[in-house]
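Student: So you can see what is in the structure, the chains are spelled out below.
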Amino acid sequence: MAVPILKQGQTLIASIQAALTDTDLLELRDALLEQVGRYRSRGVIVDVTALDVMDSFSTRTLRDVAHMTQLRGAQTIIVGIQPEVAFAMAQFGLTLEGVPTKLDLEEGLEYLAGTVKRGSDG
Amino acid sequence: MVHTNLRAVIQPKLAAQPVSEAASALLSQLVAHLRQNRTQLREEWVRGITEAELLTAMTKEEIFAEATSVYDSYVGALETGTLEALQAYARNLSERIIPRGVETEEVVGIVLLLRDVLARSLFAKYHEDFKVLGRVLDAYEPAANRIAITVAVGFVQERERVIREQQEAIRELSTPVLQVRERLLILPMIGLIDPHRARQLTEQLLHGIRTNRAKVVVIDITGVAAMDANVANHLVLTVEAARLLGATVIVTGLSPEIAQTLVKIGVDLGKMNTVGDLQGGIEEAERLLGFKVFPIRETQAV
Amino acid sequence: MGEGAWVEKESKVHVETDADIVLARQQARAIARDLGFTLGNATLIATAISELARNIVQYATRGEVVLKRIENGSQKGLVVIARDEGPGINDVRRAMEDGFSTSGRLGLGLPGVRRLMDEFNIQSEVGKGTTVTASMWKA
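Protein chains in written order, with this note's numbering: chain R, 1 to 122; chain X, 1 to 302; chain G, 1 to 139.
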């Protein structure tokens with residue numbers, strides 16, 4: 001089941017639906033990498049609002065996405081982690097260290113706008 | 001291969017034991033006798049209740065009304081050999097009398113009283129023939145004991161349920177998450193925090209972050225009496241979870257003792273954003289909120 | 001007819017593909033919610049089951065996750081049994097240590113599951129398989 005990826009200027013937005021299998025996640029990872037390269041995106045937002053469970057695999061894969069996109073010049077952030085999911089992640093020691101997380105899409109876009117600005121100043 | 005060490009409850013099987021035909025016929029006789037003498041036996045029972053000063057929280061009329069229902073349910077259970085109806089009645093009764101302040105020993109007391117009143121009545125009827133009396137008691141006693149246990153256990157379970165509900169309600173009321181400024185939440189933790197309360201606090205905080213779209217959270221633990229490793233660990237988890245929701249967490253009011261506990265469980269205090277007192281924490285939070293990291297205007301210079 | 005103290009209702013999920021992992025955790029979540037667990041606890045349980053199911057798929061190729069409802073008087077709870085006939089875990093004790101992995105990867109998530117659940121038991125024999133049993137009571 002493919003995850004839809006929206007292009008908004010220099011930002012890619014991927015909105016994950018619930019019931020995502022490991023395979024779907026890997027496909028998403030590859031799709032994002034490919035599109036970052038193709039469009040020279042500067043930012044990637046992965047919206048996990050609809051995910052009701054985040055386990056070790058999804059956490060690891062999202063960290064991989066962030067790392068890989070960074071190598072291609074794009075900053076990836078995660079938005080929309082549900083309160084219960086956040087707590088479960090903390091409980092199980094599943095960390096998204098190194099990957100910025102914001103409350104929702106709006107916050108995420110605001111954050112990226114600042115980052116991009118900063119990047120172009122630097 | 002697998003032995004699950006699940007919490008086992010020692011409870012007699014509530015299902016009716018298989019009764020022999022003879023015993024079954026005898027039970028029918030007993031039931032008939034108990035029904036025939038219902039008025040008299042019930043009176044005797046109620047007298048006993050009053051004499052033993054049980055159910056003092058209820059009026060005489062109430063006791064009489066309940067006594068009638070209990071008596072009929074009791075005899076009914078004896079007759080059918082099943083306890084479902086009795087269980088349902090016991091739960092129902094418990095729901096009614098618990099708010100009145102009836103204690104467990106009173107409930108156990110009155111059921112045992114009834115058991116004895118009926119037993120003695122059976123003695124009186126069958127005492128002439130020892131053999132028959134023996135068979136009568138063989139049929140009556142196990143059934144009567146099962147009934148007593150059913151009622152008592154039903155009462156206790158209902159009480160436990162009520163207590164749990166009340167505790168939950170109290171916790172619910174006493175854990176405020178305050179929004180004092182836009183995008184800023186304060187969670188004052190006060191008093192003794194047990195694991196259950198800690199979970200509840202966290203839940204309220206995380207939901208508060210989402211509802212208020214908080215960017216900064218100040219958790220003040222000045223008022224926390226003592227913090228064991230479990231709750232300290234829980235605090236760390238809460239900070240972690242809040243970060244995942246995009247909020248920055250400032251912990252204030254860290255006493256040297258609690259700081260030690262945190263270090264002991266392996267927390268890197270250097271990584272945790274701590275400020276001495278609540279006031280300082282709020283100021284820091286405002287600074288974080290007011291300070292625009294990324295100036296959005298004046299971007300011409302490239 | 002009033003039966004015994006235990007009321008068991010069972011749900012079995014065969015676990016072999018990553019789609020099964022999703023199914024197992026969705027089932028767990030649904031049953032937990034049905035039992036009256038809070039959303040937070042149901043999510044924790046679902047996450048634990050996801051880890052257990054994933055272990056099966058990754059290390060044993062196939063197995064099953066059994067979910068049972070249990071009752072103890074007025075208390076309700078959930079038991080999960082994750083079993084496989086895979087290679088088994090060489091050193092169970094080390095597998096249960098935080099941060100340690102017996103296969104060079106990031107770990108089996110077992111310590112996390114144990115910390116979470118009220119009761120936890122793991123039996124494993126090299127060459128025979130592994131069975132993890134854990135239960136959680138609704139507070």
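Since the hints were derived computationally from the structure, they do not count as laboratory data.
Values in this document were obtained by computation on a predicted structure and should not be read as measured data.
Treat each hint with caution, since some may be false.
Calculated pairs, SDA-like style, for lysine to any residue (alpha carbon to alpha carbon, straight line, at most 20 Å) [as the list claims (entries may be wrong)]: (1) K138(G) to R287(X); (2) K215(X) to K7(R); (3) K138(G) to I265(X); (4) K271(X) to G93(R); (5) K131(X) to V156(X); (6) K271(X) to V99(R); (7) K76(G) to K215(X); (8) K76(G) to K271(X).
The following residues of chain X were derived to be distant from chain R, with all beta-carbon distances above 12 Å [to be verified]: (9) G109; (10) G134; (11) L178; (12) V180; (13) E203; (14) L205; (15) G208; (16) R210; (17) T211; (18) N233; (19) E240; (20) A241.
Taking CB as the label site, the calculated pair distances span [to be verified]: (21) D64(R) to Q167(X): 26 to 34 Å; (22) R181(X) to K138(G): 36 to 44 Å; (23) E160(X) to L105(R): 40 to 48 Å; (24) H67(R) to E85(G): 50 to 58 Å; (25) D72(X) to A30(G): 50 to 58 Å; (26) E85(G) to I190(X): 49 to 57 Å; (27) E182(X) to L105(R): 16 to 24 Å; (28) R72(R) to D228(X): 24 to 32 Å; (29) R115(G) to K7(R): 38 to 46 Å; (30) T61(G) to G9(R): 22 to 30 Å; (31) S255(X) to L105(R): 38 to 46 Å; (32) E160(X) to A30(G): 41 to 49 Å; (33) Q167(X) to D30(R): 34 to 42 Å.
The beta-carbon is built from N, C-alpha and C at its ideal position, and this holds for glycine as well.
Student: Now look at each hint and say whether the structure bears it out.
Tutor: Results for each hint:
The suggested pairing of K138(G) with R287(X) is violated, with an alpha-carbon distance near 42 Å, which exceeds 20 Å. Distance hint between K215(X) and K7(R) is unfulfilled; the C-alpha atoms sit about 27 Å from each other, more than 20 Å. In summary, the hint linking K138(G) to I265(X) is not supported, as the alpha carbons are separated by about 27 Å, beyond the 20 Å threshold. With a CA separation close to 16 Å, the supplied pair K271(X) and G93(R) stays within the 20 Å bound.
As the CA atoms of K131(X) and V156(X) are separated by approximately 38 Å, the hinted pair breaks the 20 Å bound. As the CA atoms of K271(X) and V99(R) are separated by approximately 16 Å, the hinted pair is consistent with the 20 Å bound. Proximity of K76(G) to K215(X) is assessed by CA-CA distance (about 38 Å); at most 20 Å being required, the pair is judged violated. Of the supplied pair hints, the one linking K76(G) and K271(X) is violated, its CA atoms being roughly 40 Å apart against a limit of 20 Å.
Annotated as non-interface, G109(X) keeps its C-beta farther than 12 Å from every C-beta of chain R; the closest such distance is 46 Å. Listed as outside the interface, G134(X) is consistent with that label: its C-beta sits roughly 62 Å from the nearest C-beta of chain R, beyond the 12 Å cut-off. Listed as outside the interface, L178(X) is consistent with that label: its C-beta sits roughly 18 Å from the nearest C-beta of chain R, beyond the 12 Å cut-off. The beta carbon of V180(X) is kept farther than 12 Å from every beta carbon of chain R, the shortest such distance being approximately 19 Å.
Not every CB of chain R is more than 12 Å from the CB of E203(X) (nearest about 7 Å), against its label as outside the interface. Against the 12 Å criterion, L205(X) falls within the reach of chain R, whose nearest CB is about 9 Å from its own CB. Not every CB of chain R is more than 12 Å from the CB of G208(X) (nearest about 9 Å), against its label as outside the interface. Annotated as non-interface, R210(X) brings its C-beta within 12 Å of a C-beta of chain R; the closest such distance is 6 Å.
Distance to chain R contradicts T211(X) as a non-interface residue, since its nearest Cβ pair spans about 10 Å, not more than 12 Å. At roughly 10 Å from the closest C-beta of chain R, the C-beta of N233(X) falls inside 12 Å, breaking its exclusion from the interface. Against chain R, the non-interface label of E240(X) is violated: not every CB pair exceeds 12 Å, the least being about 4 Å. Annotated as non-interface, A241(X) brings its C-beta within 12 Å of a C-beta of chain R; the closest such distance is 4 Å.
The hint said 26 to 34 Å for the Cβ distance between D64(R) and Q167(X), and at roughly 44 Å that hint is violated. Between R181(X) and K138(G) the beta carbons are some 37 Å apart, a value that agrees with the proposed interval 36 to 44 Å. As the Cβ distance of E160(X) to L105(R) is approximately 46 Å, the hint placing it in 40 to 48 Å holds. Between H67(R) and E85(G) the Cβ separation comes to about 36 Å, which falls outside the hinted range of 50 to 58 Å.
Between D72(X) and A30(G) the C-beta distance comes to about 42 Å, which lies outside the given range of 50 to 58 Å. One distance hint, 49 to 57 Å for the beta-carbon pair E85(G) and I190(X), holds here, with the actual separation near 52 Å. Between E182(X) and L105(R) the Cβ separation comes to about 19 Å, which falls inside the hinted range of 16 to 24 Å. As the Cβ distance of R72(R) to D228(X) is approximately 47 Å, the hint placing it in 24 to 32 Å is violated.
Evaluation of the 38 to 46 Å hint for R115(G) and K7(R) yields a pass: the beta carbon distance comes to about 42 Å. Roughly 45 Å separates the CB atoms of T61(G) and G9(R), a value that falls outside the hinted 22 to 30 Å. For the pair S255(X) and L105(R), the beta carbons lie near 40 Å from each other, so the given range of 38 to 46 Å is met. Against the hinted window of 41 to 49 Å, the Cβ-Cβ separation of E160(X) and A30(G) comes to about 27 Å, which falls outside the hint.
Roughly 51 Å separates the CB atoms of Q167(X) and D30(R), a value that falls outside the hinted 34 to 42 Å.
Violated hints for the displayed structure, listed by number in ascending order: 1, 2, 3, 5, 7, 8, 13, 14, 15, 16, 17, 18, 19, 20, 21, 24, 25, 28, 30, 32 and 33.
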